[in-house]
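S.K.: Residue numbers (our numbering): 24 to 227.
For the record, the hints were derived by calculation from the structure and aren't laboratory data. Built from N, CA and C at the ideal position, the CB exists for glycine as well. Treat each hint with caution, since some may be false.
[Stated by the list, open to error] Okay, derived cross-link-like pairs now, EDC-like style, lysine to aspartate or glutamate, Cα gap no bigger than 20 Å in a straight line:
#1 140 x 159
#2 29 x 167
#3 137 x 121
#4 155 x 167
#5 93 x 170
[To be verified] Now the in silico label distances, taken between C-beta atoms and shown as ranges:
#6 190 x 210: 17 to 23 Å
#7 86 x 121: 52 to 58 Å
#8 210 x 30: 20 to 26 Å
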Amino acid sequence: MEFLDKKKRILLIGISQKGPAGMTYDELISTFSYFMTKDSIQKNIEDLYFSGEINILRDENEIRYIASNKVRNSLIALELQKFKITKFLENVKNKSSELAKIQDKNVQIQELEKIGKEGLEIISQGIISLLKEFPELTIPEYLEMVEVINNEFLDKISSIIFPKMTEEETQQFLTLISKYRGSKDVEAIKKIMQTLKTNVYKEK
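Construct the complete structure from the given sequences, taking the supplied hints into account.
M.R.: Pasting the structure below:
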């Protein structure tokens with residue numbers, strides 16, 4: 024599985040946000056030309072059209088670019104997972120003052136473990152959910168959101184909540200994924216694991 028590059032993802036998300044009416048050619052150029060050249064926009068739109076991710080319709084004298092149902096449905100799923108992460112971060116911030124008042128360090132660590140594991144469960148459930156919803160688009164976008172959790176919270180307590188898998192355990196895990204989910208998901212999960220590993224341990 025190859026994730027879509029950032030330009031294609033930006034175009035798809037922008038067009039999708041216009042809903043079933045889509046975006047006119049003029050809107051397309053004016054929206055994205057401040058950080059992409061016209062040639063780049065047209066080339067990426069061409070690629071997305073031939074891959075079936077967008078439809079192009081002529082409406083009287085206008086040309087409209089409309090994201091496919093698959094793309095729009097996948098972004099609904101993505102936004103729901105982002106909402107869950109946002110709520111988690113809000114809860115973490117609310118609990119921070121309570122944790123600071125706890126005198127017993129062991130109790131503090133136990134509470135941090137609970138919060139950290141809750142975050143990992145949210146991330147894991149999100150990834151599994153998005154693997155079913157156009158992962159070439161949703162997974163890289165989701166991982167950018169996951170990095171927010173890493174930067175704000177998880178990387179600070181990673182030594183507590185991230186037991187390091189051995190190489191043998193990692194290979195066995197991937198073998199099981201291949202057996203029960205298929206080789207396509209193995210490639211996606213390899214990239215996810217590498218991204219999470221890089222983000223979580225980057226400051227160590």
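S.K.: A separate judgement is required for each hint: does it hold in the structure or not?
M.R.: Now the hints, each set against the structure:
Straight-line distance between C-alpha atoms of residue 140 and residue 159 comes to about 27 Å, which puts the hinted pair past the 20 Å bound. Among the hinted pairs, residue 29 with residue 167 is consistent with the structure: their alpha-carbon atoms are about 11 Å apart, no more than 20 Å. For the suggested pair residue 137 and residue 121, the alpha carbons sit about 14 Å apart, so the restraint of at most 20 Å is met. At most 20 Å may separate the alpha-carbon atoms for a hinted pair to count; residue 155 and residue 167 meet this at roughly 18 Å.
The hinted pair formed by residue 93 and residue 170 fails the criterion: a straight-line CA distance of about 26 Å is larger than 20 Å. Distance hint for residue 190 and residue 210: a CB-CB separation of about 18 Å, consistent with the stated range 17 to 23 Å. A C-beta distance of roughly 56 Å is found between residue 86 and residue 121, which places it inside the suggested range of 52 to 58 Å. About 22 Å separates the C-beta atoms of residue 210 and residue 30, a value consistent with the hinted range of 20 to 26 Å.
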